[in-house]
Amino acid sequence: MAKLGKRTRAAREAFAGKENVTVEEAVALIKGNSNVKFDETVEIAMNLGVDPRHADQMVRGVVGLPNGTGKTVRVAVFARGPKAEEAEKAGADIVGAEDLMETVQGGKIDFDRCIATPDMMPIVGRLGKVLGPRNLMPNPKVGTVTMDVEAAVKAAKGGEVQFKAEKGGVVHAGVGKLSFDEAKLVENIRAFVSAVSKAKPTGAKGSYMKKIALSSTMGPGVSVSVDNAVTE
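For the sequence shown, our numbering gives the first residue as 1, with consecutive numbering after it.
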């Protein structure tokens with residue numbers, strides 16, 4: 001077994017015995033035990049009682065975090081003509097059509113969110129094997145296939161977070177930066193949990209939210225009481 005460093009060992013000791021705490025307690029614990037030299041992301045992992053291999057148990061959606069993510073999001077937009085101009089004015093970092101498709105096919109993916117107008121989907125569809133595994137494929141269900149390009153770009157830039165249940169029914173996302181005030185992190189976390197709760201699929205059986213854990217980028221995780229995290 002690899003030897004743990006002093007920082008890692010100290011963090012684990014601080015977290016020992018603390019399970020199913022409130023969201024407030026978890027945030028305070030994470031903030032109080034970070035000693036790295038960069039602004040860590042606060043991450044949430046939710047273990048759901050679903051099997052995403054079945055269409056009626058897929059969980060996916062989008063939520064606008066009330067206090068943003070603290071992250072600079074690079075947005076690419078597939079559009080032509082007036083819609084391309086609209087995207088540029090709204091602050092999109094990359095705008096294109098066939099030229100952007102060729103760039104992505106060549107392996108250069110220099111963006112965190114991908115938006116497309118409906119008429120661009122025949123082109124974007126060719127990139128499914130590239131964008132799909134990275135959860136970047138535009139999808140009307142989460143508002144990234146739309147004619148309202150301006151709103152989509154601004155939402156992506158303003159702290160909107162997409163979520164999707166991966167293998168094993170786990171949803172994972174960043175919900176803010178450790179430098180955020182505790183109250184703002186708590187508000188973001190509750191907003192995210194609420195969105196996932198509302199996205200419960202029709203095929204889900206038994207307990208839907210089985211476990212919720214919070215952590216910082218370099219820190220250990222702490223489990224949060226599901227009843228405390230779900231405010232509805």
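Take these hints with a grain of salt, some might be off.
Said to hold, decoys possible - When the alpha-carbon atoms are kept at most 35 Å apart in a straight line, the in silico DSBU-like pairs for lysine-lysine are as follows:
hint	residue 1	residue 2
1	Lys89	Lys157
2	Lys211	Lys200
3	Lys167	Lys157
4	Lys108	Lys157
5	Lys200	Lys154
What the hints assert, rightly or not - Now the in silico label distances, taken between C-beta atoms and shown as ranges:
hint	residue 1	residue 2	range
6	Glu85	Glu24	43 to 53 Å
7	Phe38	Asp119	35 to 45 Å
8	Ala151	Ser207	30 to 40 Å
No lab work stands behind these hints: they were computed from the structure. Cβ coordinates follow ideal geometry from the N, Cα and C atoms, glycine included.
Requested in this report: For the pair supplied as a hint, Lys167 and Lys157, confirm whether the alpha-carbon distance does not exceed 35 Å.
Outcome: holds, 28 Å
Query raised in the report: Do the alpha carbons of Lys211 and Lys200 lie within 35 Å of each other, as the hint requires?
Result: Answer holds: Lys211 to Lys200 is near 15 Å, not above 35 Å.
Query - Cβ separation of Glu85 and Glu24, checked against the hinted range 43 to 53 Å - result: 46 Å Cβ-Cβ, so the 43 to 53 Å window holds.
Report task. Starting from Lys89, check that the Cα of Lys157 is at most 35 Å away, please. Result -> holds, 13 Å
Requested in this report: For Phe38 and Asp119, compare the CB-CB distance with the range 35 to 45 Å and indicate the outcome.
Outcome: holds, 42 Å
Query raised in the report: Holds or violated: are the alpha carbons of Lys200 and Lys154 at most 35 Å from each other?
Result: Roughly 27 Å between the alpha carbons, so the hint for Lys200 and Lys154 holds.
Report task. Indicate whether the distance between the beta carbons of Ala151 and Ser207 respects the range 30 to 40 Å. Result -> Distance hint for Ala151, Ser207 holds at roughly 36 Å.
Report task. Verify the proposed pairing of Lys108 with Lys157, using a straight-line Cα cut of 35 Å. Result -> holds, 21 Å
Violated hints: none; the structure is consistent with every hint.
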